[in-house]
Amino acid sequence: MNLRDTLTLSLTTVASYRTRSLLIVLAMALGVAAVVVLTALGEGARRYVVGQFSSLGTNLLIVLPGRAETAGGFPGAALGQTPRDLTLEDARFIGQLPQVRRLAPLNVGVAELTAGGRLREVTVLGSNAELLPIRHMKLSQGSFLAHGSERSAQIVLGSVLAREFFPDGRAVGQRVRLGDSRFLVSGVLAVQGESMGFNSDEIAIIPIDYAQELFNTESLFRILVEAKSRTAIEPAKAAISHALKLRHDGEEDVTVITQDAVLATFDRILTALTLAVAGIAAISLAVAGILVMNVMLVAVAQRTAEIGLLKAIGAPAADIRRLFFAEALWLSLAGGVIGFALGHFGAWMVRLAYPLLPAWPPAWASVAGVATALVTGIAASLLPASRAARLDPVLALSGK
Amino acid sequence: MIRLAAITRVFRMGDQEVRALNGISLDIASGEYVSIMGPSGSGKSTLLNVIGLLDRSDSGRYELDGTDVTGLSENERARVRREKIGFVFQSFHLVPRLTAAENIELPLMLEGVAPAERKTRVDAALDAFDLRDRAFHRPAELSGGQRQRVAIARATILRPTALLADEPTGNLDHRIGAEVVALLEGLHHGGTTLIIVTHDRELGARAHRHIAMRDGEIVADET
Ligand SMILES: Nc1ncnc2c1ncn2[C@@H]1O[C@H](COP(=O)(O)OP(=O)(O)O)[C@@H](O)[C@H]1O
Ligand SMILES: [Mg+2]
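Respectively, the protein sequence lines represent chains A and B. Taking the numbering used here, the leading residue of the first sequence gets 67, the next gets one more, and so forth. Taking the numbering used here, the leading residue of the second sequence gets 31, the next gets one more, and so forth.
Read the hints as simulated data drawn from the structure, not as lab findings. One should not assume that every hint holds.
Here are some chain A residues pointing at chain B (derived, C-beta under 10 Å) [to be verified]:
hint	residue
1	THR79
2	LEU185
3	ARG369
4	ALA371
5	ALA384
6	ASP385
With beta-carbon atoms standing in for the labels, derived distance ranges [claimed, not checked]:
hint	chain 1	residue 1	chain 2	residue 2	range
7	A	ALA81	B	SER121	23 to 33 Å
8	A	LEU449	B	ALA154	51 to 61 Å
9	A	ARG456	B	GLY101	13 to 23 Å
10	A	VAL403	B	GLU215	49 to 59 Å
11	B	ALA235	A	VAL364	42 to 52 Å
12	B	GLU215	A	LEU449	39 to 49 Å
13	B	PHE41	A	ALA81	36 to 46 Å
14	B	GLU171	A	LEU461	22 to 32 Å
15	A	TRP414	B	ASP163	48 to 58 Å
16	B	ASP163	A	MET415	44 to 54 Å
17	B	ALA154	A	SER82	21 to 31 Å
18	B	PRO126	A	LEU461	13 to 23 Å
19	B	PRO126	A	THR337	25 to 35 Å
20	B	ALA154	A	LEU461	33 to 43 Å
It should be emphasised that the depicted structure is a prediction, and the values quoted were computed from it without experimental measurement. Heads up, the beta-carbon is just placed ideally off N, CA and C, and yes, glycines get one too.
In isolation and in its complexed conformation, chain A is listed as follows:
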């Protein structure tokens, strides 16, 4: 029997055992859909995290005091000695490196903000004018800390703070008190929302010198550095480490984290998670495969007399095997295609329900899901098909 006739005949069979076929197709489809939706979720989570990191800034390096004990880990105290502080002098020195486009020193603390009879504790960032472009922040009103303005008492308010203290929306030009000092509001940040668990809508930003005075410290919390290009990130990292080692009497007492390294770690973890989840979903496909096998075995038993008839009219064993094979192929193909559609529909629903989560099923998952369905279906039909092909014609005709 040629391929076309085999496929047509088996399709007729599949179509005429409607309930049985629907059941198998459903099981297969759910398995495939599970693979597609779950990988879409995993992939969505990965993209979300990657997106969050990217919103921190491009080509970003972070310099922090203290030495990382192991590569890629987070810094702890160097053995046997207190790490030397990072200073504004260090920052200025780094700023002269050719691989560095710009940098923003950073101090963080909490202080009381008072204005118009209101009082509230706020998180205060001390930095310079470069913070805005490095962190991709935007203003809704006024201007950011002006260049070379370290000694002028300006403050930039997060959008929530500005609304809270100046409900009339006219914050720029107003005077506020932070701790014991008076500041002039120069600008208001646009709504940024949460990024890496840090809500920049509720912070205040002041020049770094004022922040060090306010928090009574000489040392920096971090230095954010933007490299000139993506390829300059690693050279910049080496140059910074080297420069600071020189400045710190040969001690490697700072850590330079590149955003790429952190990102790559998260990327790896979440990709592994996605794969694991896809694997679990694939198990449901294996279960569907067992169902296919069972149903095919029952079909062989039910159609014994028919198999005998086919043999009596001269069908070789290979033809009979292929007929059952083709039945399984149709069932798993239908299951795969419907599951694919169902999965993409499910992912669409997820994206609709959680617009922040870019839950797009990766192409490999769709392909793998459908392929697994086909392979399982065909594998599951091997045993029943060969059992049918091996039946003794006389016994089969009598239905035994």
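For this one, chain A is given, so just place chain B with the ligands on it according to the hints.
Below, chain B with the ligands without anything else, positioned relative to chain A:
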């Protein structure tokens, strides 16, 4: 030309041995019309199955159209069945999902005949067996006589040299049975070797050669 020499077929049921065929020697020339009669369990069906290469003998030698077919492989026997043998059964054995026309088409599919030629040949068969208006009916929608006509059309669509009918009228009433036999006889007149197993003395008597079996042996062979 069918030539059986000392054919035996033994079935084992636990420690019981049943000699369904006990040294059968038999020559049937091409174009003969033979009836096989005998009590139930005498080995008639087994003999027909061995002749039709559905079953193997345990010993003896079988020659079909001048070639030894005793030791053929399962696949080779399937090919010989397809090319030379047509089977008609008591219980019709139609595929329930397929229409009358599709049932008749099955052997043509197995043989790999092109669709266009298949259609012409199935149409001719539908006309020849008076099934034109039943072409698209499924077996469940056909009468017993119609079902057996579909089965005969299917058995003869590849123009076999021998037509083997195992109690073809067993599930039909007398009048319809006579019609079916007349149909088979028509095919015999066309040159096909016809071997009918039957319980019906009257039908059996119509054949030109009468073989009687008992306990796996031929006890009478008259023309
Ligand atoms: N597959 C089988 N297994 C065991 N015994 C069988 C088998 N087929 C036939 N027989 C036995 O062989 C003998 C002949 O059977 P059969 O050829 O069907 O007789 P008939 O067709 O004349 O009624 C019977 O005794 C039957 O029980
Ligand atoms: Mg019998």
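Here is how each hint holds up against the structure:
1. Hint status for THR79 of chain A relative to chain B: holds, with the closest Cβ pair at about 6 Å, below 10 Å.
2. The interface hint given for LEU185 of chain A is broken, as the beta carbon of that residue sits about 84 Å from the closest beta carbon of chain B, more than 10 Å.
3. Interface hint status for ARG369 of chain A: upheld, as the beta-carbon distance to the closest one in chain B is roughly 9 Å, under 10 Å.
4. Hint on ALA371 of chain A holds. Least Cβ distance to chain B is approximately 7 Å, under the 10 Å limit.
5. Interface hint status for ALA384 of chain A: upheld, as the beta-carbon distance to the closest one in chain B is roughly 8 Å, under 10 Å.
6. At its closest, the beta carbon of ASP385 of chain A sits 6 Å from a beta carbon of chain B; the interface hint therefore holds under the 10 Å criterion.
7. At about 25 Å, the CB distance of ALA81 of chain A to SER121 of chain B agrees with the hint of 23 to 33 Å.
8. For the hinted restraint 51 to 61 Å between LEU449 of chain A and ALA154 of chain B, the CB-CB distance of approximately 41 Å leaves it violated.
9. A hinted range of 13 to 23 Å holds for the C-beta pair ARG456 of chain A and GLY101 of chain B, which are about 19 Å apart.
10. Against the hinted window of 49 to 59 Å, the Cβ-Cβ separation of VAL403 of chain A and GLU215 of chain B comes to about 53 Å, which satisfies the hint.
11. Restraint check, ALA235 of chain B to VAL364 of chain A: a C-beta distance of roughly 46 Å satisfies the suggested window 42 to 52 Å.
12. At roughly 46 Å, the beta carbons of GLU215 of chain B and LEU449 of chain A sit within the given window of 39 to 49 Å.
13. Between PHE41 of chain B and ALA81 of chain A the beta carbon distance is about 39 Å. The supplied range of 36 to 46 Å therefore holds.
14. Range check, GLU171 of chain B to LEU461 of chain A: about 29 Å between beta-carbon atoms, so the 22 to 32 Å window is met.
15. A hinted range of 48 to 58 Å for the beta carbons of TRP414 of chain A and ASP163 of chain B is consistent with their spacing of about 52 Å.
16. Hint check: ASP163 of chain B to MET415 of chain A, Cβ distance near 53 Å, so the stated range 44 to 54 Å holds.
17. Range check, ALA154 of chain B to SER82 of chain A: about 27 Å between beta-carbon atoms, so the 21 to 31 Å window is met.
18. At about 20 Å, the CB distance of PRO126 of chain B to LEU461 of chain A agrees with the hint of 13 to 23 Å.
19. The hinted window of 25 to 35 Å between PRO126 of chain B and THR337 of chain A is violated, with their beta carbons roughly 52 Å apart.
20. For the pair ALA154 of chain B and LEU461 of chain A, the beta carbons lie near 34 Å from each other, so the given range of 33 to 43 Å is met.
In this structure, the hints that do not hold are numbers 2, 8, 19, in rising order.
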